[in-house]
Amino acid sequence: MVSARAPGTERVWRVLERIPDPEILAITITELGIVRDVRLDDGVPEVSITPTYCGCPALDLIEEDVVAALKAAGFDEVRVSRVLSPAWTTDWIGPEAKERLREFGIAPPGRSTPGIDAQRLHLHARSVPCPRCGSARTERISEFGSTACKAHYRCLACLEPFDYFKPL
Amino acid sequence: MQLRKAKFEYLLRMGDNALILGQRLAEWLGHGPQLEEDIASANVSLDLLGQARLWLTHAGKVEGRGRDEDALAFRRDQHELRNCTMVELPNGMRSERDYAFTIVRRMLFDAYQRVLLAQLARSADAEIAAIAVKSGKENDYHWRHSSDWTIRFGDGTEESHRRAQAALDELWRYSAELFVCDPIDRAAAEARLAPAAESLREAWRAEVEPVIAQATLTRPADAKFLSSGKRGAHSEHLGTMLAEMQFLQRAYPNARW
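If you read the sequences in order, they're chains A and B. In the working numbering, each residue carries its 1-based index in the first sequence increased by 104. In the working numbering, each residue carries its 1-based index in the second sequence increased by 37.
Worth flagging that the hints you see were computed from the coordinates, not collected in a lab. No residue lacks a Cβ here, since even glycine has one placed at the ideal position from N, Cα and C. Incorrect hints may appear among the rest.
Going by beta-carbon spacing under 8 Å, a handful of chain B positions derived as facing chain A [to be verified]:
id, residue
1, 77
2, 80
3, 83
4, 88
5, 181
6, 227
7, 228
8, 229
9, 230
10, 232
11, 235
12, 272
13, 284
If you anchor each label on the Cβ, the simulated ranges turn out as follows [unchecked claim]:
id, chain 1, residue 1, chain 2, residue 2, range
14, A, 180, B, 70, 49 to 59 Å
15, B, 68, A, 208, 45 to 55 Å
16, B, 156, A, 239, 35 to 45 Å
17, A, 186, B, 289, 46 to 56 Å
18, A, 193, B, 189, 56 to 66 Å
Taking beta-carbon pairs under 10 Å as the criterion, some of the chain B residues facing chain A (in silico) [claimed, not checked]:
id, residue
19, 91
20, 163
21, 213
22, 217
23, 219
24, 237
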């Protein structure tokens, strides 16, 4: 998960912990695990963020949100940097946030197996329980959905379509 | 060859492959054979564009002449692009758009990325390794999608089988270029930045051949033909694509959203 929080940065973290992800409002950017580090350089917060997917268009917006929220909290200057390594994984999303995703109607990600190739699932999706009725009788409509991080599923019991947060 | 030059060129190849294939896939937007596949092509395109940004940004830093990702993507001419020829071919060779052709091309390329990125994850250059790990995770999903659909088309109807086989027959000869080791590949390999290009061929075949077999397709014979996009000698198709892709930055230099 995120490395230990540097002393003195609690106030910055408290601000960041209230910023929702711009595309999935049910969880915050810290719960998503994309805030990798916070440091204070002579009182100026330096926030490191990592992209979920390389082409995720939300990252620019998140950067703006971080700057705006910290300025509103009284920091005159804010620096945001981007890090790529270690690569983001859905395993950094904690159990409470996963539950909130489910309540929001998005099936939370299963465990990310290093190299999904290990399970050659040609034409067969892994079983993803419906976030609404809980049925295990669901089917994958498409590996790709409304955002880079989601796949599109359908429940065969309650017939509702739903998003699945893909393990990465 | 000077190492910095080789590294720059190698990074351009990585970035341009992702950029040009991403642009080709974006051409499907609004034209997909079904809504889900329209969205899939757009998603893969977006991933590739994001990867291209990372590779080209790194290339610009290595070059050290102040060129950023936009300068490299939008203000280089055709002969300066370093993508392999396979990714610049149109989305269909006999019609404007052929989804079987688009899928089979991606299957061949995604498998190549799969074996290449796994090796680049151990690059002596930390930034190359970081981009490779990140891109590799996304590529797993691309590969699963393109190999799934290759099987579905090949082992599908008479029409889908015919078109998938025609696509494979057309595309196979362009794969040879991926495994040709030229001075740039050699210099990158010697500096432990990247694997030797020819060393990937067997691993790549081990990925694509089972898919081709399961798809009930016939693997074409290897040809003497060798494309040369990665050296900057491209097919006639790249120029027209660049004319559209680069138009805005050429007409309004440094325009921003």
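Under the constraints set out in the numbered hints, which ones does this structure not fulfil?
Violated hints (numbers, rising): 6, 7, 8, 9, 10, 11, 12, 13, 15, 17, 18, 21, 22, 23 and 24; every other hint is consistent with the structure.
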